[in-house]
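Generate coordinates for the entire structure from the input sequences, incorporating the hints supplied.
So the sequences go chain by chain: A and B.
Just so we're aligned, residue 0 is where the first sequence starts under numbering that gives the first Met the number 0, counting upward by one.
Just so we're aligned, residue 0 is where the second sequence starts under numbering that gives the first Met the number 0, counting upward by one.
Source of the hints: derived by calculation from the structure; they are not laboratory data.
Residues from chain A shown here face chain B by an in silico Cβ test under 7 Å; the list is partial:
#1 37
#2 38
#3 45
#4 46
#5 63
#6 84
#7 100
#8 131
#9 133
#10 135
#11 140
#12 141
#13 144
Simulated crosslink set (SDA-like; lysine to any residue; CA at most 20 Å straight-line):
#14 A:172 x A:214
#15 A:214 x B:91
#16 B:93 x A:101
#17 A:127 x B:100
#18 B:95 x A:102
#19 B:93 x A:243
#20 A:214 x A:136
#21 B:95 x A:99
#22 A:250 x A:118
#23 B:100 x B:48
#24 B:93 x A:98
#25 B:68 x A:147
#26 A:127 x B:97
#27 B:95 x A:101
#28 B:93 x A:118
#29 A:168 x B:61
#30 B:95 x A:83
#31 B:93 x A:86
#32 A:214 x B:68
#33 A:214 x B:87
#34 B:68 x A:130
#35 A:214 x B:86
Each residue gets a CB set at the ideal place from its N, CA and C atoms; glycine is no exception.
These are the residues of each chain, in order.
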Amino acid sequence: MTPEEIREVIIVGSGPAGYTAAVYTARANLNPLVIAGSVTAGGELMNTTDVENFPGFPEGIMGPDLMDNMQKQAERFGAEILFDDVTEMNLEGEIKTLSLADGTIYRARAVIVSTGSAYRELGLQDEKRLSGHGVSWCATCDGFFFREQTIAVIGGGDSAMEEALFLTKFAAKVIVVHRRNELRASKIMADRALAHEKIEFIWDSEVIGINGADKVDGLVVKNRTSGEETTVNVTGIFVAIGNDPRVDLVKDQLELTAEGTIAVDGRTSKTSLPGVFAAGDVIDSTYRQAITAAASGCAAAQDVEHYLANVSETLATV
Amino acid sequence: MSNAKAVTEATFQADVLDADKPVIVDFWAEWCGPCRQLGPILDQIAEEHAAKVDVVKVNVDENQAIAAKYGITSIPAVYVFKGGEHVATSIGAKPKAVIEKDFAEYL
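If you want it as structure tokens, here you go:
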């Protein structure tokens, strides 16, 4: 172990929750270290375009720009940001230790886990094989390659509608395949997608197969009511069927909920271990918005502040 | 995107296919968020493995024929070329250790 100083607080993750926690803890003079991730820095908003529902931006703002701003705001108050990945966390005891991919070890009295969530996969055999060959998780990255083609978006939530609408800029036709007979997306997004001339819907259906020798040439869908199987000719498949909380590094140490998120005490960010706090999508399977994640990061920062104040008070009276 | 040398349709043959060393090619575009995150990682790989490989980048927006030729439909796409042949692929922004493992044979 490298003889690192013991820090007050380390924040793992750099989405809206992590950066908001960084702004607040930095302003509380807790000298936070943010371990932002080597390729996941900025979180989910880095793969989006227009964010139209974050208050304070009447014309909307690009997801990556919003995250750049949050990073700068945290840095302005002295937050230290490291673009590396945590590979191991030891969260028991008064001093927590975190190992990074490069072998460095950091220690802190408090940790905020704001690791967000990861894209859910369909779980089909051919999905991995054809990933990068027609199967994609990033419409903003890959829409360009499907000009004038017919492609599918799988899912019925806001992300799926956002991807479908974005992809109409390139594709000849976008077919949305959804398991239910109505969309889960917010009304404004659903209405936009339903009204769009380039978007078609296949309802009540799930994807049971992806066809293609070395690139995607079709999709097999099964109607959940009739059981009928149909092949749909598409050259691209964009998967947007939701996310799972990223809890790999903590699942053996912290209590989780039935939904797989980190369990926290009531409206606080307190996890099952003292000194360990959690914020953002990793504790939220319900709202999952940039603004709710940010709010949750703010709560975690204040919980950390109180926790550290109590710890040092206890030490002073011993 | 990385700070690597930019290769175009005009220079791809000389810089990639005819190169003496294996070449790691970063296919990227301005609009691609994960490409921006992968760039600094490829820069580190370029620096640390300079003796064994070259690292170059291809802007797919400006060089659509190359992207089409190699069937690229997802970026960032990182390809390894050796002796003019495409020999290994890594799709998406991945941590340095993962890319080094994917391409271990050439590093």
